[in-house]
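Note that the protein sequences, when read in sequence, are chains Y and A.
Here my numbering is used: position 157 in the first sequence is 191, and no number is missing along the way.
Here my numbering is used: position 7 in the second sequence is 41, and no number is missing along the way.
FYI, nobody ran anything at the bench for these hints, they're computed from the structure.
Be aware that one or more of the hints could be misleading.
Okay, the calculated bits of chain A under chain Y, using three or more residues with CB under 8 Å as the criterion [said to hold, decoys possible]:
#1 41-48
#2 194-208
#3 212-226
On a predicted model such as this, the values are computed, not experimentally measured, just so you know.
Each residue gets a CB set at the ideal place from its N, CA and C atoms; glycine is no exception.
Protein chains: 2
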Amino acid sequence: MNKVVLYMSMSFDGMISGHDDGPGRGLGVNGEALHAWLSDGGISPGSHRPGVGVNAEVFDEMMQTGAVITGRRTFELAGGWGGDHHDGVPVFVLTRQLPDQPAPGHARYVTELESAVAQAKEAAGDRNVLLHGGSAARALLDAGLVDELVIHLVPIILGRGRRLFDDQGHRARNLELVSATEGADVLHLRYRVVSR
Amino acid sequence: MNKVVLYMSMSFDGMISGHDDGPGRGLGVNGEALHAWLSDGGISPGSHRPGVGVNAEVFDEMMQTGAVITGRRTFELAGGWGGDHHDGVPVFVLTRQLPDQPAPGHARYVTELESAVAQAKEAAGDRNVLLHGGSAARALLDAGLVDELVIHLVPIILGRGRRLFDDQGHRARNLELVSATEGADVLHLRYRVVSR
Numbered sequence: 035m036n037k038v039v040l041y042m043s044m045s046f047d048g049m050i051s052g053h054d055d056g057p058g059r060g061l062g063v064n065g066e067a068l069h070a071w072l073s074d075g076g077i078s079p080g081s082h083r084p085g086v087g088v089n090a091e092v093f094d095e096m097m098q099t100g101a102v103i104t105g106r107r108t109f110e111l112a113g114g115w116g117g118d119h120h121d122g123v124p125v126f127v128l129t130r131q132l133p134d135q136p137a138p139g140h141a142r143y144v145t146e147l148e149s150a151v152a153q154a155k156e157a158a159g160d161r162n163v164l165l166h167g168g169s170a171a172r173a174l175l176d177a178g179l180v181d182e183l184v185i186h187l188v189p190i191i192l193g194r195g196r197r198l199f200d201d202q203g204h205r206a207r208n209l210e211l212v213s214a215t216e217g218a219d220v221l222h223l224r225y226r227v228v229s230r
Numbered sequence: 035m036n037k038v039v040l041y042m043s044m045s046f047d048g049m050i051s052g053h054d055d056g057p058g059r060g061l062g063v064n065g066e067a068l069h070a071w072l073s074d075g076g077i078s079p080g081s082h083r084p085g086v087g088v089n090a091e092v093f094d095e096m097m098q099t100g101a102v103i104t105g106r107r108t109f110e111l112a113g114g115w116g117g118d119h120h121d122g123v124p125v126f127v128l129t130r131q132l133p134d135q136p137a138p139g140h141a142r143y144v145t146e147l148e149s150a151v152a153q154a155k156e157a158a159g160d161r162n163v164l165l166h167g168g169s170a171a172r173a174l175l176d177a178g179l180v181d182e183l184v185i186h187l188v189p190i191i192l193g194r195g196r197r198l199f200d201d202q203g204h205r206a207r208n209l210e211l212v213s214a215t216e217g218a219d220v221l222h223l224r225y226r227v228v229s230r
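Work out the full structure: start from the sequences and follow the hints.
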C-alpha cells in the first residue's frame with residue numbers, strides 16, 4: 035500500500051516561509067535559508083537537487099513519488115512548477131473553489147480531500163504520494179490522511195513567518211520517530227503518524 | 035567560560051504545554067505527554083529522573099548545572115519547586131515587578147535580564163546555567179544571552195497549547211546542530227546559538 039508523505043522544510047521555530055512572502059516574492063527574507071539545503075553542491079543546473087550525500091538521497095526519494103498533492107497557495111507561489119512538478123506525475127491542487135481555467139500541464143484542481151488522496155494514490159501506483167504545502171498538510175493531517183512526515187529541520191530561528199502548524203486548534207496526533215538523519219545544514223526527521 | 039543552556043520539552047508542533055494549563059492545572063490535556071520521557075523506568079521515587087539510557091544522561095546533565103534562570107509564570111506553575119530546584123543551587127526568577135514577598139528557599143526575584151545572567155553565571159562557577167520556561171527563553175534569546183538550546187522533541191502534535199516560539203516577531207538566529215540523540219520516546223536536539 036503506498037503512502038501519503040508530507041515533505042516540508044521547516045525552521046526550528048516552526049516556520050515554512052519567511053514573513054514577507056507572497057506571489058512573486060518567493061520565500062521572503064530569511065525564508066530562503068529554509069531551502070538552502072536543496073542546492074548545496076548542486077550538480078544539476080536548473081534543478082534543486084543537492085549534489086551529494088544525505089541531502090541528495092532525501093531529494094531523490096521525494097522525486098521518486100508518483101503523484102503530488104498540494105494547496106492552491108503553494109501551487110501558485112511556485113508558479114505551478116511550470117505544469118510539471120517532476121517527471122510528469124499528476125499534481126492534485128486542493129482548492130475551495132474551482133477556477134475558471136483548468137490547471138496547467140499535469141496539474142488539476144480538486145475540491146474534495148478524500149477524492150484528491152484517492153486519485154493521487156491510484157495514480158501513483160506502487161509509489162508514494164508527495165504532499166507539500168502548509169494548508170494542504172494541515173487539512174490532510176486533520177482528516178487522518180497522512181501516513182508519514184519528513185521534515186527537513188533547518189537550524190535557524192526565523193522569528194516571524196508562516197507556520198506549518200498554526201493556531202487553529204488542530205487535532206492531536208501521536209507520532210513515531212522513524213529516523214533522524216543529519217544532512218549538510220539540515221536534519222531530516224521522518225515520523226510515522228500513529229493515531230489517525 | 036560557563037554557558038547558559040535552555041532545556042525544554044517541546045511537541046513536534048512547537049508547544050511547551052497543553053491548552054488548559056494554569057496554576058494548579060499542571061501541564062494540561064496532552065501536555066503531560068511532553069514530560070513522559072522524564073519518568074520512563076524511573077528508579078527514584080519522588081524524582082523525575084528516568085532510570086536508564088540516554089534520557090537519564092540528559093537528565094543528569096541538567097541536574098549538574100550550577101544555577102537556574104526561569105520566568106515567574108513557570109516558577110509559580112511549578113510551585114517554586116518547593117524552593118529548591120536541585121541541589122540547592124540558586125534560582126533566578128525573572129519578573130517585571132518585584133513581589134512584596136521574597137522568593138522561597140534558594141530562589142530570588144530579578145527584574146533585569148543581564149543582571150540575572152551575570153549573577154547566575156557567577157553563582158554557577160564552572161558549571162552551566164539551566165534556563166527553563168517559555169518567556170524567559172524568548173527574552174534571553176532576543177537579548178543574545180543564550181549559548182545553547184537542548185530541546186527534548188516529543189513525537190506528538192498537540193494541536194493547541196503554549197508555544198516556545200510565539201508570534202511576537204522575535205529576532206532571527208542562526209543555530210548549529212551539535213547533536214541529535216534518540217532517547218526513549220523523545221529526540222534530544224542540542225543546538226549552539228551562532229548569531230547572537
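Going down the list of hints, with the structure as the test:
1. 41-48: holds (count 3)
2. 194-208: holds (count 11)
3. 212-226: Holds: 5 residues of the stretch 212-226 of chain A have a Cβ under 8 Å from chain Y.
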